[in-house]
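Student: Sequence:
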Amino acid sequence: MKDKKSVVDYLKKVTLELEAGTGPDRMNLTDTPLQHAFVFGVASNGITPFEKAFFSRTVGDEHIFDIQGQNACDTLGHLTSPLLAQLPVTPPFFLKARITHVAQADNREVIQAMAATLNDCGDGCDCGCGCG
Numbered sequence: 002m003k004d005k006k007s008v009v010d011y012l013k014k015v016t017l018e019l020e021a022g023t024g025p026d027r028m029n030l031t032d033t034p035l036q037h038a039f040v041f042g043v044a045s046n047g048i049t050p051f052e053k054a055f056f057s058r059t060v061g062d063e064h065i066f067d068i069q070g071q072n073a074c075d076t077l078g079h080l081t082s083p084l085l086a087q088l089p090v091t092p093p094f095f096l097k098a099r100i101t102h103v104a105q106a107d108n109r110e111v112i113q114a115m116a117a118t119l120n121d122c123g124d125g126c127d128c129g130c131g132c133g
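Numbering (our numbering), first residue to last: 2 to 133.
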């Protein structure tokens with residue numbers, strides 16, 4: 002049985018290890034894995050396909066995404082801008098994301114994450130991600 006504390010769910014802070022590559026089995030675009038943390042499920046328009054891939058998952062689970070131009074915004078939603086800013090590549094690429102930590106987000110982190118979604122993409126923006 003999964004430990005309820007370590008399961009990805011709404012308002013949990015999820016930390017991922019990210020790698021990018023030219024193929025689903027070739028993570029050759031990042032020298033070393035990068036860490037990215039976000040609060041799950043805070044966007045006003047619901048969870049993204051990226052988030053949905055991790056719902057009810059636990060530490061160690063991973064998913065590979067095929068990020069191709071316009072689908073970056075469709076897949077990543079409000080997380081597009083912060084994720085792409087952290088990666089040394091732009092679409093197209095494959096993104097491997099592995100859960101490394103799950104914890105309850107504190108109130109301040111939730112409010113900050115909600116506020117950040119108001120200025121991020123996912124619905125046609127001009128942040129430079131290509132969806133707008």
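Honestly, I wouldn't trust all of these hints.
[To be verified] In silico BS3-like pairs for lysine-lysine, Cα to Cα no more than 27 Å straight-line:
#, residue 1, residue 2
1, Lys-13, Lys-97
2, Lys-97, Lys-53
3, Lys-53, Lys-14
4, Lys-13, Lys-53
5, Lys-97, Lys-14
[Claimed, not checked] Label pairs and their in silico Cβ distance ranges:
#, residue 1, residue 2, range
6, Val-90, Val-8, 19 to 25 Å
7, Gln-105, Gln-71, 15 to 21 Å
8, Pro-93, Leu-35, 32 to 38 Å
9, Ala-104, Leu-35, 15 to 21 Å
10, Asp-62, Leu-12, 31 to 37 Å
11, Gly-24, Ile-112, 16 to 22 Å
12, Thr-101, Asp-26, 16 to 22 Å
13, Pro-50, Ala-104, 21 to 27 Å
If you are wondering where the hints come from, they were derived from the structure by calculation, not from laboratory data. This structure is a prediction, so every number in the text was calculated from the model and none was measured. Ideal Cβ placement from N, Cα and C applies to all residues, glycine included.
Student: Kindly indicate which numbered hints from before are broken by the structure, ordering the numbers from low to high.
Tutor: 6, 7, 8, 10, 11
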